[in-house]
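Assembling the complex is the task here: the two chains are given apart, and the hints tell you how they should meet.
Residue numbers (the numbering used here), protein chains in the order written: chain A, 644 to 864; chain B, 97 to 337.
It is possible that some hints are incorrect.
Claimed, not checked - Beta-carbon label-pair distances, calculated as ranges:
(1) Lys656/A with Lys326/B: 49 to 57 Å
(2) Ile693/A with Pro118/B: 51 to 59 Å
(3) Tyr666/A with His101/B: 48 to 56 Å
(4) Ala841/A with Pro211/B: 37 to 45 Å
(5) Ile177/B with Ala841/A: 26 to 34 Å
(6) Phe647/A with Ala115/B: 35 to 43 Å
(7) Leu687/A with Glu244/B: 45 to 53 Å
Bear in mind the hints are in silico, worked out from the structure with no lab data behind them.
Heads up, the beta-carbon is just placed ideally off N, CA and C, and yes, glycines get one too.
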Amino acid sequence: MTAFGAIILRDVKLGLRQGGGTYWTLLFFVLTVTLFPLGVGPDLALLSRIGPGILWVVALLASMLSLDRMFQADYEDGSLELLALAPLPLELTVLAKCLAHWLTTGLPVTVLAPALGLLLALDPAAYPTLMLALLIGTPVLSLIGSIGAALTVGVRRGGVLLSLLVMPLYIPALIFGVLAVDAAVDGLSARPHLLLLAADLLVAAALTPWAAAAALRLNLE
Amino acid sequence: MANLHWLANPGRFLRIAKAVSPVLAGLTVVLLAVGLALSLQAPVDAVQGTPSKVLFMHVPSAWMSMFIWGVMAVASAVALIWKHPVADIAAKVSAPLGAGFTAATLLTGSLWGKPTWGTFWVWDARLTAELILLFLYIGYIAIWQAIEDPQRAGKAAAILALVGSVNLPIIHFSVDWWNTLHQPASILRDGGASIDASMLIPLLLLAAGFQAFYFTLLLWRMEAEIAGRKIRQLRLLSAQA
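Only chain B is shown next, with the shape it has when bound in the complex (with noise of 0.2 Å):
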């Protein structure tokens, strides 16, 4: 928990985001580039053709759909229990990118769908929590834009980002719950990944390049709040003058 306080300053935040940032973005950019290399030469599924190819972009998508609502509601877990203010940032500034994430989840799955299942959507266990977790993102964007003082905005969105983080496990269960059209896990099953090595190693690089550009835009994104949060306090001090 020391590290957890030792963060907690702005300042001292500012300048270790300013030194991590360039290095995670070369990251992203060598990790997107070698796993989209690899990726365009991996081999195409016997049965899908070409269309078996959005996998790689679906997925880690569709991973980080999730996990950055699980971030969310870590950060304001630790906002709400420690009055974290950048655990807070943090939350606010993820959400846009979650939805992102989401959106693009929801359309690669789409152009999927029309070639192999012969149609953009089926109300299926997975493609509707998914679709709940894209409304989700934006009651909680919402409710930041909705309260003006960015304090209560926090702990208000804070409510929701932990009641939300109910659909996560709904999310990851519902294709073993409820079996439809959409297909049961096919790398975190028991017994190990059921596809070849020649399809999960651009894969898992590709996930790694999202993760890394997730936290790239993160801490940018932090960056730019803290300043906006300066000028916002800058001018209500000029105005009481």
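Just chain A, with the same shape it has in the complex (with noise of 0.2 Å):
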């Protein structure tokens, strides 16, 4: 367990530091919410309307745009070789990277989202859903995200391929999420969506990491 925690550390100490584009990240997720505004119009009433699909779009691309650093960099600099002959399964070094993508991606998308509500005149009272989803629907797109950059992996020229792979596999988790919130503005029970995006959650955390660690193996063949 100390190896997992491990893997966890150093990916957020990466991440957080000069070059981990952590923060390019959330800064990437502010910028594009703001588009929206400019692109449709500043009619807040068009706005809070669209604005849960909005904000779950863009969470999206800013978790996909942040997955080739889960792998790429271990593999080019010949950590990944060593992480996969080490004695913790690769399935579990799978997790603990996921895990730390999603706390330098997923937790601030879900932390900075009321303050981009705010912009975007959503219904305050839906914002305790909205965080809620993104917490349950962030981990999904960190796990899923993970199959796709690690059949990437050593592909020349992969993040278009790994966002064309992971996106239709996304759709899911953005589907639940929206309607949760939706839910919540026009005052209906977000519970239903919500255990869906949760067990969306459960299967692709039982799942994913066979798949992205198969897919790992091969490309250190």
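Following this line, the structure appears as structure tokens:
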């Protein structure tokens, strides 16, 4: 378990320090959200209606853009091979890296979301649901993303291919996440949507490390 | 499992494929001809009128779009577990065919939707799931193109095919879970098919014809792929010499 914790700590540190990209990801999140009022016009009624969708789509893009750093740098400098040879099963290494990726993208995005909701005139009553939905949903993005990141780790210009592979698999999390926030805005119970989102998270947590670890082994052959 | 390994020899597979594919091609022509003739004579829907004829192209395409991903998932599992070279090739050459049937499903569906629903496209659960399936096919094809070494590309694509097969049950049950614009199942449902035999028989004949069409193309494409790999191997050898 100490190796598991050490990998998380190392990846979080790398993400936060110079060149790690965590702050860029957050800046991307904020900047892209501010593009929408400029693009669709400053009509607050319209923005508050499409606000949950905007926040979710941009959170998804921010998570996806930072996926390449999950394995790519370790692959290039060779440390990924050492991680694969280490006594800790590669599946758990993948899980640790997913957690570290979530801590440096999904979690800060979740914390920032209410502030951006304010800019989009989102109903304040929906903030707890928005944060809860992002808290459950963004780990799904990191987990599913790990499959794409592992599959494209040795591929030149793999970034676009990576998004092509993971975007279709992100869609259930996006649908349930937006439905939960919409329900809260309309004063309905968000519980069923949050439960489905949680089911998505559990399935992803149970299955994706196997697929991602298999893809990593193949790329390390 | 003995048969599986017996077919793993590409040379033996090719001999069988060359014998079977003309039979399948003939069967395709007969089934499609009879099915099309009967479907043109079948009565039109009382409410929808002539546009209901789209059924005969739309439903078999939709079945094939899901069936082919299923074939790819099974072939990928076989390729990953037993390192079966022919299964690997079957999965690879199936993908463009599956993408074609998926595109045909979406196209015929939107042509059917315009006169009956009043719109080419709605964000209905089943339509969206079918569109996601098309994106999955494209992603699968893209990964084969991105990785040069066929061995590695095959394994990476196999992992993606297995992960993507999660989408199949979602498409099939989406009309039951989210009851929106697309009609629920009328053939594979509890209590038997709810459409008349005059429409059901041509539909099933065409579905069988589409299956035969797919397997014919599959065998032809597998033969071509094996020949292509031989050429690639010979080129590599001659470059080394």
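Quick rundown of the hints versus the structure:
Checked against the hint of 49 to 57 Å, the pair Lys656/A and Lys326/B passes, with Cβ atoms roughly 51 Å apart. Ile693/A and Pro118/B have their C-beta atoms about 57 Å apart, which keeps the hinted 51 to 59 Å range intact. A hinted range of 48 to 56 Å holds for the C-beta pair Tyr666/A and His101/B, which are about 55 Å apart. For the pair Ala841/A and Pro211/B, the beta carbons lie near 42 Å from each other, so the given range of 37 to 45 Å is met.
Remark: the range hint 26 to 34 Å for Ile177/B to Ala841/A is upheld by a beta-carbon distance near 32 Å. At about 55 Å, the beta-carbon gap between Phe647/A and Ala115/B misses the expected band of 35 to 43 Å. At roughly 52 Å, the beta carbons of Leu687/A and Glu244/B sit within the given window of 45 to 53 Å.
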